[in-house]
Amino acid sequence: MVAGIRTRDLRKVYTSAPPVGAGTGGFSFSGPKAKGKQPKPNIVALDGISLDIASGEIFCLLGPNGAGKSTTVGVLTTRVRPTSGQAFIGEHDVWQEQVAVKRLIGVVAQRPNLDFSLTAREILAFHGAYFGLSSHERAKRAEALLERFKLTDRADQMVRGFSGGMMQRLSIARAMMHDPQVLFLDEPSAGLDPQTRLLLWEIIREYNQSGKTILLTTHNMEEADALCKRLAIVDHGRVIALGTPQELKAAVPGGFLLRLRFGHHSPDLLERFRLLAGVREVRATDNNSADLYADRGGSLVPEIANLASAGSVELCDVHISEPSLENLFLHHTGRSLRE
Amino acid sequence: MNWKAFFAMLARDAHVARRNFVALLFQTFLQPLMFVFIFGRVMVGSGYMPPSYKSLLLPGIMAICMVGTGIWAVAMPLIAEFQFTREIEDRLLAPMDISWLAVEKVVAGTLQALAAGLMVIPAAWLLLRPGVDLNVPHPLLFAVVALLVALFSATGGLALGCSVEQTHIGLMFSLVVAPMIFFGCTYYPWSALEKFPILQKAVLVNPLVYASEGLRGTLVPQFPHLPMLAVMVGLVLFNVLLFATGLRKFHGKAVT
Numbered sequence: 101m102v103a104g105i106r107t108r109d110l111r112k113v114y115t116s117a118p119p120v121g122a123g124t125g126g127f128s129f130s131g132p133k134a135k136g137k138q139p140k141p142n143i144v145a146l147d148g149i150s151l152d153i154a155s156g157e158i159f160c161l162l163g164p165n166g167a168g169k170s171t172t173v174g175v176l177t178t179r180v181r182p183t184s185g186q187a188f189i190g191e192h193d194v195w196q197e198q199v200a201v202k203r204l205i206g207v208v209a210q211r212p213n214l215d216f217s218l219t220a221r222e223i224l225a226f227h228g229a230y231f232g233l234s235s236h237e238r239a240k241r242a243e244a245l246l247e248r249f250k251l252t253d254r255a256d257q258m259v260r261g262f263s264g265g266m267m268q269r270l271s272i273a274r275a276m277m278h279d280p281q282v283l284f285l286d287e288p289s290a291g292l293d294p295q296t297r298l299l300l301w302e303i304i305r306e307y308n309q310s311g312k313t314i315l316l317t318t319h320n321m322e323e324a325d326a327l328c329k330r331l332a333i334v335d336h337g338r339v340i341a342l343g344t345p346q347e348l349k350a351a352v353p354g355g356f357l358l359r360l361r362f363g364h365h366s367p368d369l370l371e372r373f374r375l376l377a378g379v380r381e382v383r384a385t386d387n388n389s390a391d392l393y394a395d396r397g398g399s400l401v402p403e404i405a406n407l408a409s410a411g412s413v414e415l416c417d418v419h420i421s422e423p424s425l426e427n428l429f430l431h432h433t434g435r436s437l438r439e
Numbered sequence: 002m003n004w005k006a007f008f009a010m011l012a013r014d015a016h017v018a019r020r021n022f023v024a025l026l027f028q029t030f031l032q033p034l035m036f037v038f039i040f041g042r043v044m045v046g047s048g049y050m051p052p053s054y055k056s057l058l059l060p061g062i063m064a065i066c067m068v069g070t071g072i073w074a075v076a077m078p079l080i081a082e083f084q085f086t087r088e089i090e091d092r093l094l095a096p097m098d099i100s101w102l103a104v105e106k107v108v109a110g111t112l113q114a115l116a117a118g119l120m121v122i123p124a125a126w127l128l129l130r131p132g133v134d135l136n137v138p139h140p141l142l143f144a145v146v147a148l149l150v151a152l153f154s155a156t157g158g159l160a161l162g163c164s165v166e167q168t169h170i171g172l173m174f175s176l177v178v179a180p181m182i183f184f185g186c187t188y189y190p191w192s193a194l195e196k197f198p199i200l201q202k203a204v205l206v207n208p209l210v211y212a213s214e215g216l217r218g219t220l221v222p223q224f225p226h227l228p229m230l231a232v233m234v235g236l237v238l239f240n241v242l243l244f245a246t247g248l249r250k251f252h253g254k255a256v257t
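Line by line, the protein sequences are chains A and B.
Under my numbering, the residues of the first sequence are numbered 101 to 439, in order.
Under my numbering, the residues of the second sequence are numbered 2 to 257, in order.
It is worth saying that the hints were derived from the structure and are not from the lab.
Among the hints, a few may not be true.
Claimed, not checked - List time: in silico DSSO-like cross-link candidates among lysine-lysine, alpha-carbon distance up to 30 Å:
#1 B:LYS250 / A:LYS140
#2 B:LYS5 / B:LYS250
#3 A:LYS240 / A:LYS250
#4 B:LYS254 / A:LYS140
#5 A:LYS240 / B:LYS202
Whenever a hint applies, use it, and build me the whole structure from the sequences.
Okay, here's the thing in structure tokens:
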């Protein structure tokens, strides 16, 4: 059976400090400040997330830290109870049929959570045992996964001494051990070297080709671009854009983004930029900076410089970005993904 | 109920306990047996304690060993696994209702506490002999009491392990475990508190009192001890209370 993922208007408000790694969304503290007593925090982590992820799809949640990505994964994997809304894996309601859902999913958490009392091979074998695999099957699958993730030579060592990258590889191997229909990967490539990241991408694609659904979260646009069929950009617990990477990149006016910094600027000058050929949108970001969306990049720079000097404005800095998801995020939120 | 997952987790705990067997042995027995040696052998041998103290001490030492083992075996991994290493997450995601994971922890802790309790009897007997007058007229009653004591240690471990922050482990021992042992009628019978009537009533909120008195009443019934009915009621009530509290806190930790 193949299974997709569906959420309807998921909301999550933390009334105590949220756990590490479960996104902390838009921080909006509210409530009257009682004298001498800390106000109870009301942290809105998810603010109405609705997603339809088809079975067999690689779907990506892209957003900065604290956007609500991990909380979404937490709700879908039975670890975070939503304040309201519904979540389904296949036909199963995550909060009504937890055991059935847990059979269908494999989860790689953002922070390593390997069993430190066991060796790498034992971790895989016990995980298989929790899912009812026979001892023969456990041994066979563990061997294959250790080989695939290049961990065979350390298979019988305690994981305590493993490097971060090895732990991450083993976490992913463990999540695949019971061959789940839906695989959740919460920032899988954080902390991996480029070579291991490529190995991981290859394995994710391969797993997807066997018909499995994959939901991964990242704040790395390159990763989203390279892996995902579709993606949702989330910020402050909301989906701010959804589509294929190509569609989303095309949604940025013009595609190119020129970030300009001046000694100071005037609305008048920005208006003149707007009239240049190929410029789609000009936004002042503060008193001396502006973002300019256009369908060309470098060739605009001399014209901008000319207009600036004609208006006696000093042009201090120009940064050109080609069409990217980063530009899209910036266009929607006014902030960079890395901020 | 998914028994396969349940027994796989029990097998995992047994595997880890086997791996740490020597350390566990020292941790469980060294301190109580040193106590047995000094109080039961040195102080009795030098005439500071009456010879009968040997027999009186043994059930108390057994209670300390069992409760220490159960609490340690359940609480310490829970504190670390929920807060620091997050190791428990893999088991929370196993296809089984998460309440059963709490039950599994209690079963594993109970078995370890029982093993510790049964091993301390011959060890202490060897250290103290001659002059230990063990007398078990009702072996079945002894088995039931020992089981309830072991269960209490594990449910106590569950409740503590899901309530105590990692930074407060030291406090847990100095504020909860140590007073429980000293006011738990382990080194003296409850009747010895007759001259301190307020204290004698107050210690009845300490579940370890029922554990030590229950083991005293079944291993060395010739000494004064609480009525066995009171022991049974006390132990059952504390087991239910601690398990219910522990389970509620476990859910609070497992699902945010």
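Do the hints match the structure? See the list:
1. Between LYS250 (chain B) and LYS140 (chain A) the CA atoms are separated by roughly 20 Å; this keeps the pair inside 30 Å, and the hint holds.
2. Proximity of LYS5 (chain B) to LYS250 (chain B) is assessed by CA-CA distance (about 25 Å); at most 30 Å being required, the pair is judged to hold.
3. Proposed proximity of LYS240 (chain A) and LYS250 (chain A) is supported: the alpha carbons are some 15 Å apart, at most 30 Å.
4. For a cut-off of 30 Å, the pair hint linking LYS254 (chain B) to LYS140 (chain A) stands: about 19 Å separates their Cα positions.
5. Between LYS240 (chain A) and LYS202 (chain B) the alpha-carbon distance is near 61 Å, which puts this suggested pair outside the 30 Å criterion.
Violated hint: 5 only; the structure is consistent with all others.
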